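Chemist: Listed below are the residues making up each chain.
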Amino acid sequence: MNFSEVFKQSNQLCKISPDGKYLATCVQYRLVVREVSTLQILQLYTCLDQISHMDWSSDSLFILCAMYKRGLVQVWSLEQPDWHCKIDEGSIGLVSSRWSPDGRHILNTTEFHLRVTVWSLCTKAVSYIKYPKACQKGIDFSKDGCYMALAERRDCKDYVSVFVCDDWHLLRHFETETQDLAGLEWSPNGCVLAVWDSSLEYKVLLYSLDGRLLSTYSAYEWSLGIKSVTWSPSSQFLAIGSYDEKVRVLNHITWKKITQFEHLATINNTKAVVYKEVEKRPTVRSDNLSLHNITIGTNLFNTQSKYEICPPPVQIPVVKPDPDRANPKIGVSTLAFSSDSRYLATKNDNMASVVWVWDMQKMSLEAVLEQTSAVRCFQWDPLRPRLALCTGNTKLYLWSPAGCVSVQVPTEGGFQVQSLNWHCGGDSLILLGKEQLCLCYMDTDQVDK
Amino acid sequence: MSPSRQNNFVSMLSSLPLSRSSYNVICAFCTEDNMPQCMSYINQELDSLGLCSPRIEASSPGGAGLNTVPALNAMYELMQIHRRNMCTLEELENDQLKKSSTLDHMQMNNSRLKDQLELSIREKSGLHETERQLQLKIKTLQSCLKTEKDEVQKLQSIIASRASQYSHDAKRKEREAAKLKERLGQLLVDRKDKKLALDVLNSLGRSDGKRSHWKTAKTTTSHEDEMYKSLLNDYEVSQRSLLLENAELKKVLQQMKKEMIHILSPRLPSTRGAAAENSREQADSDGEEKAGDTSRETLDQSCEHAREQLTNSIRQQWRKLRNHMEKLDSQASLVHHQLESNKEVIPRETHEDEMERMRREVQQCKEFIHAQQQLLQQQLNTSFDDETAALLNDCYTLEEKERLKEEWRLFEEQKRNFARERKNFTEAAIRLGREKKAFEEDRASWLKNQFLNMTPFTDRRRCSSSDGQSALSVRSEPEMRMSSTKAQLAKSSAYATFSTPKSTQSATVPSTTELYRTLRLIPDSSSSRHSNRGSWQESNTIDDGDFRVKSNRIQCRDLSIFSLGGDENSLT
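Those sequence lines, one after another, are chains A and B. Just so you know, we're using UniProt numbering here: the first sequence kicks off at 1 and counts up by one. Just so you know, we're using UniProt numbering here: the second sequence kicks off at 1 and counts up by one.
Hints may contain errors.
Pairs of lysine to aspartate or glutamate, EDC-like flavour, derived with a Cα cap of 16 angstroms [stated by the list, open to error]: (1) B:215 with A:167; (2) A:124 with A:167; (3) A:21 with A:79; (4) A:21 with A:59; (5) B:154 with A:244; (6) B:218 with A:167; (7) B:181 with A:111; (8) A:124 with B:199; (9) B:229 with A:210; (10) A:69 with A:111; (11) B:229 with A:144; (12) B:173 with A:111; (13) A:143 with B:234; (14) A:157 with A:177; (15) A:86 with B:199; (16) B:154 with A:221; (17) B:179 with A:111; (18) B:173 with A:180; (19) B:154 with A:324.
Just so you know, the hints here were simulated from the structure itself, not pulled from any lab data. Keep in mind it's a predicted model, so treat the numbers as computed, not measured.
Using the sequences provided together with the hints, build the complete structure.
Modeler: In structure tokens:
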């Protein structure tokens, strides 16, 4: 495993192009484009204000930089550095900006979600979509880039509009049976749209592409409901994480629950492997404690850690959330399927330092990773069943069915890994700190424990 | 009066009832004859009764009459007594009546109360029973209450969380509305009508390279068609996969059925007392199989009927297999009980022994590996382990110490030898000094003689040898020293008066180098001693400085000797 040197970035804006060749980072108001293999700077663009959001177009030729405060969006071309494009939303403000799947249209959501403006870079035409809903996930594009689903709210009722991304033609418009639609997501095969309600009501509705309601699922009433929803990459499963610390999995044939995964405080399962991170503090000899040694040896503050396998029964540390606050820190907030749909990784918010890995073939718990501090981010390798996670310290953790390993990021001055992203080729990782980023190149062989 | 008579009277009186007719009997008590006796008796009786009436006496002694007054008094008193007795008797009778009535009353009361008591006891037990039932009911109600309370609390907490969520959302919306109002106000005030702008250098081509089309009804229908096509595609794909899965599962079931039949059929003859049943079963299964085959051939695979038939047959076979297995199990257990002391047990025992042995071996191997690991660790951890480092250091120092000791020993030996040599040298030097003095005197005298009888061509060799002889005194010394002194004296004999033997002034030992140099003049004798000299030179390094100076001087002397020799030759 090799680590590159540390580069600067601001706002955690650092993305690899869809074709995997370039890396774009934002440093304040500058956009830096590097080549992934050599990390040489290819292009440097300057925007008019601090960049709030940055994204690649789907063909890896253009990058959009949005500055929400100024209401501006600037688009840069990789092939022609002197090509420029500036979109000014004016006084209406800008809240979010994104590419369309064909890479030639930009969708801007104005302030207060008054409307969605569709700017065409081919025809310079503008279209407007009214009454978009301000919710967790109001817009979703299907994977093949053909259709866009948009959540709308009119007269205290929720609607979903399906647009054809080709010419922004409204294909379907139907009302949903939700109280307060919180999000919608296309299945990876693009034929089913999952729509879920806010946390006050546990309800998941499944609509077919042509707007027919296929099925409704509600696990319970009254208590706080759905916290997170995700499709498996094969479109076979829909995993729903809720505030009652359980994950329910629906199957695509009957849309009924096939299993539910509980996150218990005591693990008695003998088939699951429980990895516990244990820190080894380096011993300090009193005769070595000279100033020279302290300043040179950052090892004093970088504690080594390794994983220990704990035999069952294992107690998981639980933090009870404040009952009076809204959006309590309890329930399954993060779900991620591995690329082959074999594994599901979950995180329960009141056991924040633990990541659970479930085997979808056996429908049982496969592994539990207990870290020393709260897990900030985890992501599956796009090609193989390998999970990378970070907890905000200077280490990177990797889990695979063969074992688990903790790797110290070898940078000076302590690089706190706050989030991470896999390269689409699955052989390198981008580690993002507060103001820095670092690339980690994996070996071709798997690293075992 | 005679006591017997009195007794007779008393017995008579006592046996008679107290009635008026008794007066007649009393008349029988006293007769003309026994008057005094009667009188005395009566007096006695009156006395015994405590009456204080005077004695009844006869009116005249021996007369038949009485004193009437005392008799009347006595009679009156007796009547009084009698009356009193009758009264008391009446009273007592009354009393008795009363008492008996009260007794009856009490008894009646008693029985009534007893009845009441029994009744109340029964009532009490009944009440106890009801109380117990009521307690039970209370408990159940309390538990119901508890569950209800818990549910209420749960609902309350849910309501509370929902309320907090609602209030949070409402606040958020309110804040947004406020921002909107503010923005609206701002826009109304600030009506510059800034146009939204898109500033592009040049238009881009479409990503798929095609030209864009006009929006017509045809496009909308084409979109619809596209959508339906993709949906249908997806359905077809999933249906195909489901069909495949179905077919596979059916195949698996068929195979399972076949195998189950196969398993059951050869076993059938071995089971006890079920031959007829088995043949029936076989017939059934055969018949079924045939039916299954036909159904597969004639009907469609997804037909309901065929599926049902298949599943039913599978279930039947499975039931048979299960029963069979149960039978076998029971048989096995019976057999096990019966054949406990059989050799079937022994193999198990040996098996267990083998296992034990293997376990022990494994344990030993593990221990061995562990020990090896430890040793290896010890070997590797030299710098971190203080103890081993100290130990190792000790070993090294010990080795060094030994070596040092050896060297010291050698050194001491050499020192001793050197001291000895030194002593010998000093002695030799002293001797040499003395001999030199003697020689000088001799020489002086000889020179005097020579000078006095100055003739050329004297035999120098003869003189030198004679001089050597005269100057030398043979002692028991090592050969080299003798020869060295000989050589020195030989050379110094050629001196003229102008070289003073400075070396004799200092009584120090001539160095080995001096000896070495002097001995060089006698090559054959010194060559064999070269090797010896080497070691001597080494060991006498301490006093070397001094001697080197001297050796230089000796060298000069040697040179001078040589030159003198030449001179001498020229002289002569």
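Chemist: If a hint holds in the structure, say so; if it does not, say that too.
Modeler: The hints, checked one at a time:
no.: 1; hint: B:215 with A:167; in the structure: holds (8 angstroms)
no.: 2; hint: A:124 with A:167; in the structure: holds (13 angstroms)
no.: 3; hint: A:21 with A:79; in the structure: holds (13 angstroms)
no.: 4; hint: A:21 with A:59; in the structure: holds (12 angstroms)
no.: 5; hint: B:154 with A:244; in the structure: holds (13 angstroms)
no.: 6; hint: B:218 with A:167; in the structure: holds (13 angstroms)
no.: 7; hint: B:181 with A:111; in the structure: holds (13 angstroms)
no.: 8; hint: A:124 with B:199; in the structure: holds (9 angstroms)
no.: 9; hint: B:229 with A:210; in the structure: holds (11 angstroms)
no.: 10; hint: A:69 with A:111; in the structure: holds (10 angstroms)
no.: 11; hint: B:229 with A:144; in the structure: holds (14 angstroms)
no.: 12; hint: B:173 with A:111; in the structure: holds (13 angstroms)
no.: 13; hint: A:143 with B:234; in the structure: holds (14 angstroms)
no.: 14; hint: A:157 with A:177; in the structure: holds (9 angstroms)
no.: 15; hint: A:86 with B:199; in the structure: holds (5 angstroms)
no.: 16; hint: B:154 with A:221; in the structure: holds (13 angstroms)
no.: 17; hint: B:179 with A:111; in the structure: holds (10 angstroms)
no.: 18; hint: B:173 with A:180; in the structure: holds (13 angstroms)
no.: 19; hint: B:154 with A:324; in the structure: holds (14 angstroms)
The structure is consistent with each of the numbered hints, conforming to all of them.
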